[in-house]
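**Student:** First to last, the sequence lines map onto chains A and B. Numbering-wise (the working numbering), the first sequence opens with residue 1 and increments by one. Numbering-wise (the working numbering), the second sequence opens with residue 1001 and increments by one.
Note that these hints are calculated values from the structure, not bench results. Quick reminder that beta carbons are idealized off the backbone N, C-alpha and C, glycines included. Wrong hints could be hidden among the right ones.
[What the hints assert, rightly or not] So the derived list for chain B, only partly shown, Cβ under 7 angstroms to chain A, looks like this:
1) 1040
2) 1041
3) 1077
4) 1079
5) 1088
6) 1093
[As the list claims (entries may be wrong)] Pairs of lysine-lysine residues, derived as DSS-like cross-links and limited to a Cα-Cα distance of at most 25 angstroms, are as follows:
7) B/1014 / A/155
8) A/109 / A/155
9) A/166 / B/1083
10) A/143 / A/133
11) B/1083 / B/1072
12) A/169 / B/1033
13) A/69 / A/109
14) B/1092 / A/109
15) A/37 / B/1015
16) B/1094 / B/1015
17) B/1094 / A/143
18) A/150 / A/91
19) A/69 / A/37
20) A/151 / B/1027
Each chain, written out:
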Amino acid sequence: MPRISFYTRATKMWGSRNKPITNTISMETIRIALKLKTIAFIFGLFAFVGCATISNFDQQAYIYTTSVKVDALNVMELATTDFAAHSKEVKELQTQLQKIYEYEKNRPKNEITLKQWDILLDPEGHLLGGYLKRWETQKTLSKTFVTEAKKLVDKAFDQIAGLESKKIKASDI
Amino acid sequence: MATFDFQTLFDQLKKEVSNVAITSVQKFKEEAKTDAQNLLENLKQNLQTWTIQLASGEITRDDFEFLVMGQKELIEMNILKQKGMALIDLDKLKISLINQIIKTTLSVI
């Protein structure tokens, strides 16, 4: 077997100094680049996924909402009698609503739910906030009006609770 | 060292990710449509009821206007709910995609 110099063997394996060695480096570079690309791709996706667009489900918020809904509808029912006789119940309800509003306000990425609460509680509006103001102004409200207004407020609370219940739970992540 | 064909991985991901996205969007569209239809049906029934009550004197004109405005605000709340649900679905889609990508990548490597 003829003796072959290291350079000749190297040239046969990897080619000449100028071209094939460069090709070998290029292949290695490509492989590394592909791996880096894959890692960057996966990290990018994790960053994308980690960036939630809306708050996750909050059991406490859901319980508060459904619980205060019952109280609100019960207080609304009293509006066929004089407001002055029920100002204590109305005040208690308003305090409860304020606490929930504060809770919702301090949840991150919760702007949509907060806007829903704004509409529901607005005293210048025509749902719960407006209803309580109207009752106070007019002293009493008619039975038919109370029944119909309660249906709307019932559904309005459902919009808030419905959105909350659809939010992603910690166990889903 | 184990190597993998990046192009094959990408093609597979593209196909599976598209399937996840299409399914999610279709589901959201159907839910949003049903919800909006229910609300419109509710609006129709309420308007009919309130008109009859107004005509018979059971409610005043002010009551009627208050209720109609309340219905409008309820629709605004529903629109916000739909907007929120779209964002929830987007977040759910992201989670599904990342799970699918991890699963597919690990099966190919």
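**Student:** A separate judgement is required for each hint: does it hold in the structure or not?
**Tutor:** So, going through the hints one by one against the coordinates:
1. 1040: violated, 13 angstroms
2. 1041: violated, 12 angstroms
3. 1077: holds, 4 angstroms
4. 1079: violated, 9 angstroms
5. 1088: Hint on residue 1088 of chain B: holds, closest Cβ of chain A at ~5 angstroms, below 7 angstroms.
6. 1093: At 10 angstroms from the nearest chain A Cβ, residue 1093 of chain B fails the 7 angstroms test, so the hint is violated.
7. B/1014 / A/155: violated, 42 angstroms
8. A/109 / A/155: Status holds; Cα separation ~24 angstroms.
9. A/166 / B/1083: Since the Cα atoms of residue 166 of chain A and residue 1083 of chain B sit roughly 12 angstroms apart, the hinted pair holds (cutoff 25 angstroms).
10. A/143 / A/133: holds, 17 angstroms
11. B/1083 / B/1072: Cα-Cα ~17 angstroms, so holds.
12. A/169 / B/1033: holds, 24 angstroms
13. A/69 / A/109: holds, 23 angstroms
14. B/1092 / A/109: Holds: residue 1092 of chain B and residue 109 of chain A sit about 16 angstroms apart, inside 25 angstroms.
15. A/37 / B/1015: holds, 20 angstroms
16. B/1094 / B/1015: holds, 16 angstroms
17. B/1094 / A/143: Roughly 49 angstroms between the alpha carbons, so the hint for residue 1094 of chain B and residue 143 of chain A is violated.
18. A/150 / A/91: The hint holds at about 18 angstroms.
19. A/69 / A/37: violated, 52 angstroms
20. A/151 / B/1027: violated, 29 angstroms
Against the hints set out earlier in the document, violations occur for numbers 1, 2, 4, 6, 7, 17, 19 and 20.
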